[in-house]
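Student: Residue numbers (the numbering used here), protein chains in the order written: chain A, 1 to 113; chain B, 1001 to 1521; chain C, 2001 to 2116; chain D, 3001 to 3089.
Rather than coming from a laboratory, the hints here were simulated on the basis of the structure. Just so it is clear, the structure is predicted and the values come from calculations on it, not from any experiment. We treat Cβ as the ideally placed atom computed from N, Cα and C, and that holds for glycine. Take these hints with a grain of salt, some might be off.
Claimed, not checked - Computed, partial: chain D to chain B, Cβ under 10 Å:
#, residue
1, Gly3019
2, Leu3021
3, Pro3034
4, Phe3063
5, Ile3066
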Amino acid sequence: MWTKVVTGFGYWDVYSWLIFLAIASFFTLWLRNSGRQDYKEGTYQDEIYFSGNDVPEDGQDISVPADSAYWGFIKVFRPYYDVMLSVHNGLAQDYLGYFVLSIAIITALIVLL
Amino acid sequence: MNWHAHLPALLLAVPLLGAFATPVFNMGGKTLRNAWFIVISSSVFLIALALWHQVSVNGIQVYVMGAEQFALSLPSGMKLPVRIILEVDALSAFMALAGSITSLAGAWFSLSFMDRFTGLSRFVSLYLLLTVGMLGMMITGDLFNFFVFLEIASVASYGLVAFWRDRPQAIEASFKYMLLSQLAAMLVLVAIGFLYGRYNVLNMAAIGSLIHMGIVEKVALAFLISALALKCGAFPMYLWIPDAYGEAPASVSCLLVTVSQASLYGLFRVCFSIYGLAMSNKVVAWILIIFGLLSMFIAVSMAVIQHEVKRLMAYHAVSQTGYMLLGVGVGLLALGNSQALAEYGFTALKGGVFHIFNHAMYKGLLFLTAGTLYYMTGTRDLNKMGGLVRKSPWTAFMFVVAAAAIAGLPPMNGFASKLLIYQSSFAVHPLLTVVALVTSILTLASFVKVFQTAFLGPEQDRMADVKKVPATMLVGMGILTVAVLLLTFFPTWALSHLVEPAAKALVDQAGYIAAIMGGAF
Amino acid sequence: MTVGNMPFLVVGILFLMGVLAILREKNLIKIAIGISIIESAVNMLLITLGYRLSGDIPVYFLSGDVDVMVMPTPQALTLTAIVIALATSALMLSVIMLIYKHYGTLNVDELRRLRG
Amino acid sequence: MRKTIFIIAALVFGGLMLGALDSIHPFGEPGNVPMDEYFLHHALEDRSSENVVTSIVFDYRGFDTIGEAAVLFTAVCSVLALFREGAKK
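Starting from the given sequences, assemble the full structure and let the hints guide the process.
Tutor: Below, the structure is given as structure tokens:
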């Protein structure tokens, strides 16, 4: 009763989610533990497989930078982002202009309707 | 003498004293100044807690500044209040509680975070003044006084955004913020002048009891809405927010989130308590809903492509403000129609108000973790980070908690408030819910990106000698993490004790007015 | 001769002039002057709101025998608003000085390091 | 193009504002003003001040004056913080 959220259309309970998370983590740990028994730490089994190439010393060379994340998403929505970047163009007077424009629109809507 | 009655005045007097006395304590050296900072911030938190308790037990608290009796709102022979009155209802107390928690967390965080910079006496003064301005906006009952506190908060935040004055970007952000914010403040003052010219009172409750719509009132309403929407960040006017939040020191960004919510509170006060039922058509409600949807979606889509961590989070601050505007807009749509209010309007209001508290906690926490990343690596660029979970597992844990909460993953508190907003806005139009859900997905996407690039990944050589995270910074983040987790595990308690009284206070215009006007109304 | 509502309209036009100044001028100092014009317009609005025809100064020993005094509240509000405007102008000019130091220019269009 | 839209918006905004300003009340005839009449009639006996504005600034609305002082203090602090001494960083 301390954890139930009633929305007026139904309800939702924190405990059920916590129980679900507990079961899920139990299964995850069980699966992890039932892995291969012949694994030994500190042998060749620890080495990273990097498509047969030499693994770079520095982790920086094999990590994906933030700019590359969601490359496809941004590529698809390029036209949308072109418009948006032209709005966020860093000109202080444009920012003021958008403010004045929205004041004018809000005032006109409220007064005329 | 009952000291409980003086809590509203103490809530403003203590941080004001703290700010004015900081230069004196600064002479005693660093330790004394830090102790003073923490003592004042903690006392503000305790006073806000006591005030919230007092309000939830005894109802609306009224404090008349300078009268013979501090509860005498109407002088003898007068039907209207003449003095400045602090009026604390459940919503004000709720907001003040949220504000004081973030202020305390930011204060703890600042102790080591700001340690390597000069001018810290000024920093502490400005930080406390920002707190004063925020709390004053939340508890004042007088329109001109609201403007004065708005200006205190604005001027303090101009100084704090430009605090790292050797970075050109910080100065630029401060200037842009100042330009927009001054125009907005002057619009607020013009609107106050209009209402004063019509009714010859400055008290919010008194104006609420007298108001009837004409062209002057409509224009004043439009000016107040657009100016306060600029200060809290709604779509075409939020453009200063990524600059200012991104360039301010992290603990200041954490507090600035709540300061902009004080403007949001002012917006709600204007719409519900001053205009309320007098505003018969639904234009304002739809304006709030459409602002909410636009700022929600556009800000989050801009956040996905950012690579500077604090700028990304600042865009999310705008996007989450959209949820509050949506929730409260739907509530405003149902105002005056008791069936619609019972069916979905009140749920939407509860969602919007609960989201304010949740947002203050988890967004503050996210800004503090971003500050920790900056402290450790000396950069804010996500392209230059990686593998930091090995260096500071606690920061990573708190980041995950906050990111799960902001993305609305069940069972976090963000999900509880978003669920209330989804279900009630669905009753108005399914499209509103669709936009809100898409926004939630994009929020999760961008935080997965931050977590993956900053914390995960192989160990990197350039991250070998990062700074250790000091204990006081962990304490600052820990306060907000505990708040997020408490709200997560006891949502029913939070809804029935914190949120529901606040949402009821919002729709109870008659109660707000009667607390000041008494029988005269 | 009657003035009608001219004082109110003059205030409105002054406000509009300030808004146009901050939208059109490129020099940062001129933009700061535009903000100052807006602030003056608002102060004048408050003062004109408080005027009553043939009203006298709201100080008893200076006002003579007239019944009508002008309204005192707007004057008090204006005193506060002037000090606030002064404080923000001072801060804005200081920030402009720092901008000149960092960017070497007073052109508002060159403040574009933060975008996107 | 963009500039033109902004100027037109500013003119629309100014026009609406002028319309509202025109209908507040006729200039010089504010009608019934209970709060200001209260100040004018009670300032002398309540506050022993010949100057009504003084009694408002420092008594009836004295809290605004504290706020005003705080704004001034804030601005001074900000300017001192911006022009503080100290090494680059």
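Student: Please list, smallest to largest, the hint numbers that this structure does not respect.
Tutor: none
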